[in-house]
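Q: What follows is the residue order along each chain.
Protein chains: 2
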Amino acid sequence: MIEDDDRIRMSLGLALEDEGYTVRSAGTAEEGLAAQRADPADTVLVDLMLPGIDGFECIRQLRRDGDVPIIVVSARDDTHDVVAALEAGADDYVIKPVAVKELSARMRALRRRARPAQASTLTLVFGELEIRPQAGEVLLHGELLSLTRTEFRLICELAEHAGLVLSRQQLLERVWEYDYGDDRLVDVHIGRLRQKIEDNPSVPSRLITVRGLGYKLQR
Amino acid sequence: MIEDDDRIRMSLGLALEDEGYTVRSAGTAEEGLAAQRADPADTVLVDLMLPGIDGFECIRQLRRDGDVPIIVVSARDDTHDVVAALEAGADDYVIKPVAVKELSARMRALRRRARPAQASTLTLVFGELEIRPQAGEVLLHGELLSLTRTEFRLICELAEHAGLVLSRQQLLERVWEYDYGDDRLVDVHIGRLRQKIEDNPSVPSRLITVRGLGYKLQR
DNA sequence: CGCGGTTTGTCACGCAACTGTCATAGATCC
DNA sequence: GGATCTATGACAGTTGCGTGACAAACCGCG
Numbered sequence: 001m002i003e004d005d006d007r008i009r010m011s012l013g014l015a016l017e018d019e020g021y022t023v024r025s026a027g028t029a030e031e032g033l034a035a036q037r038a039d040p041a042d043t044v045l046v047d048l049m050l051p052g053i054d055g056f057e058c059i060r061q062l063r064r065d066g067d068v069p070i071i072v073v074s075a076r077d078d079t080h081d082v083v084a085a086l087e088a089g090a091d092d093y094v095i096k097p098v099a100v101k102e103l104s105a106r107m108r109a110l111r112r113r114a115r116p117a118q119a120s121t122l123t124l125v126f127g128e129l130e131i132r133p134q135a136g137e138v139l140l141h142g143e144l145l146s147l148t149r150t151e152f153r154l155i156c157e158l159a160e161h162a163g164l165v166l167s168r169q170q171l172l173e174r175v176w177e178y179d180y181g182d183d184r185l186v187d188v189h190i191g192r193l194r195q196k197i198e199d200n201p202s203v204p205s206r207l208i209t210v211r212g213l214g215y216k217l218q219r
Numbered sequence: 001m002i003e004d005d006d007r008i009r010m011s012l013g014l015a016l017e018d019e020g021y022t023v024r025s026a027g028t029a030e031e032g033l034a035a036q037r038a039d040p041a042d043t044v045l046v047d048l049m050l051p052g053i054d055g056f057e058c059i060r061q062l063r064r065d066g067d068v069p070i071i072v073v074s075a076r077d078d079t080h081d082v083v084a085a086l087e088a089g090a091d092d093y094v095i096k097p098v099a100v101k102e103l104s105a106r107m108r109a110l111r112r113r114a115r116p117a118q119a120s121t122l123t124l125v126f127g128e129l130e131i132r133p134q135a136g137e138v139l140l141h142g143e144l145l146s147l148t149r150t151e152f153r154l155i156c157e158l159a160e161h162a163g164l165v166l167s168r169q170q171l172l173e174r175v176w177e178y179d180y181g182d183d184r185l186v187d188v189h190i191g192r193l194r195q196k197i198e199d200n201p202s203v204p205s206r207l208i209t210v211r212g213l214g215y216k217l218q219r
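Protein chains in written order, with this note's numbering: chain D, 1 to 219; chain U, 1 to 219.
Simulated from the structure, these hints should not be mistaken for laboratory data.
Careful: at least some of the hints might be erroneous.
Note that identical chains are pooled: a pair holds if it fits in a single copy or bridges any two copies.
[As the list claims (entries may be wrong)] Taking lysine to aspartate or glutamate and the EDC-like style, the derived pairs with C-alpha atoms no more than 16 Å apart in a straight line are: (1) LYS216 / GLU151; (2) LYS216 / ASP6; (3) LYS216 / GLU160; (4) LYS196 / GLU87; (5) LYS101 / GLU177; (6) LYS101 / ASP6; (7) LYS101 / GLU87; (8) LYS101 / ASP5; (9) LYS196 / GLU177; (10) LYS101 / ASP42; (11) LYS101 / ASP78; (12) LYS96 / GLU157; (13) LYS96 / ASP77.
Based on the provided sequences and hints, a complete structural model is requested.
A: Structural data, given as structure tokens:
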């Protein structure tokens, strides 16, 4: 929720939590946008009258970053504002004060329409290597590889953070869901993965060792 | 547009045509539903106060037939009605009299969210395999297969997410509506389904096992 | 209400594939 | 040159999957 009026933020936030939502709120567009980038919510409520960046611009920026459902919650009951907000990329526009039940129903209705957050992760491409987390497929030179589950989860994890070094411990946590574990285990699986995704496994070009730190997938 | 008041139908219809829409209208839910079945519109506007079948029931039936965007245009400004209409499957609710510009903007906003051409889920085609969820038919090489209810729901679920891996737990939830369940159960039914839809059931080419993850229907 | 046939869920078993461990060999750094 | 880090082959234990058999539940029908 991006809303500058503290009281509304408080009361609406609590009311929505009663409805079962988890609410995070920001007092300015800048804060809200940053929060949405850092850790995206699955629905955004935004006021139009904001200090600094105004609501319309805020909507446009949210839209540029992704296709999160956006509902305007505004005190202004004016056709021009409604049209402008929807044009900017909002999905719905309700007038304050709003019945929480109605807002909640509108959020649910909108959620039904929202694309199941896949557009971004459908295919990750790294040159000749393509990874489709949803489809459980990895292709090299256009050909389907047969990876084991561990190999698959490992490469997905690396691909989601392509270019960043992940330590063995991080990988153990995320792929194996171990709290601790033997670093060698990661090595072994990296090795097996290289056999499959590297053109020359002994001289890795995609799955890179960063000595002392961990591994990364070359962008 | 499903609306029983002739004057509103007239004026709103003309106004929307000015906005560039092609409008067809019906005076009762029965007429409107029939029209939508015969030649689906890409957005439906519906009043709540209708003679015969009322607006809520009309929405439910439209929803059962497909996922056309539905906007309620009602004179009643009542939270209960809004919530009920949205629960029934409507996507938006505006109060009469409504500014045409606003209605038009809401229609456009909704259209952005509408799944492109999934309205035509009449037949899902996978090579020689055709699935008609609405008709309850599955054809292989043009011939009608006789599937059990479970097999049918299973293949529909897989077909709706063709190319994506569905885990056994996901399938249990969606096909069986179990919250938990035995993974073997899914295996067994997948096996039975393969007997019917695979040319060589022991070497599946359509209904693919993704080891450690689940199953998917090959696009 | 009872009767056939069909559908459904459970189970146990066997095969194939996968996993983690270890030991050894190799690479890199200072 | 020694210390540290990484790669890899082999192996035994485990897991995941497919399947046939079977009993319970269901269904249409007389």
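Q: Given identical chains, is LYS216 near ASP6, meaning Cα to Cα at most 16 Å, within a copy, between copies, both, or neither?
A: neither (44 Å within a copy, 49 Å between copies)
Q: Go through the copies and call it for LYS196 and GLU87: within, between, both or neither, with a Cα cutoff of 16 Å.
A: Cα proximity of LYS196 and GLU87: none, with 38 Å in one copy and 50 Å across.
Q: Quick one: LYS96 to ASP77, C-alpha cut-off 16 Å, is that within a copy, between copies, both, or neither?
A: both (9 Å within a copy, 14 Å between copies)
Q: For the identical chains here, do LYS101 and GLU87 meet the 16 Å Cα criterion within one copy, between copies, both, or neither?
A: So LYS101 and GLU87 pass the 16 Å test across copies only (11 Å; inside, 26 Å).
Q: At most 16 Å between CA atoms: does that hold for LYS196 and GLU177 within a copy, between copies, both, or neither?
A: Answer is neither; intra-copy 24 Å and inter-copy 38 Å both fail.
Q: Up to 16 Å between alpha-carbons, please classify LYS101 paired with ASP6: within, between, both or neither.
A: Result: close neither inside a copy nor across copies, 21 Å intra and 32 Å inter.
Q: With 16 Å as the alpha-carbon cut-off, assign the pair LYS96 and GLU157 to within, between, both or neither.
A: Answer is neither; intra-copy 40 Å and inter-copy 41 Å both fail.
Q: Check LYS101 against ASP5 for me: Cα-Cα at most 16 Å, and say if that holds within a copy, between copies, both or neither.
A: Classified as neither; 21 Å inside a copy, 29 Å across copies.
Q: Can you tell me if LYS101 and ASP78 fall within 16 Å by alpha carbon in one copy, between copies, both or neither?
A: Intra 23 Å, inter 11 Å, cutoff 16 Å: inter-copy only.
Q: At most 16 Å between C-alpha atoms: does LYS101 with ASP42 qualify within a copy, between copies, both, or neither?
A: neither (18 Å within a copy, 28 Å between copies)
Q: My question is about LYS101 and GLU177: at a cut-off of 16 Å on alpha-carbon distance, are they close within one copy, between copies, both, or neither?
A: Neither: 39 Å inside a copy, 27 Å across copies.
Q: When Cα atoms must be at most 16 Å apart, do LYS216 and GLU151 count as within-copy, between-copy, both, or neither?
A: within (14 Å within a copy, 19 Å between copies)
Hints 2, 4, 5, 6, 8, 9, 10 and 12 from the earlier list are contradicted by this structure; the remaining hints agree with it.
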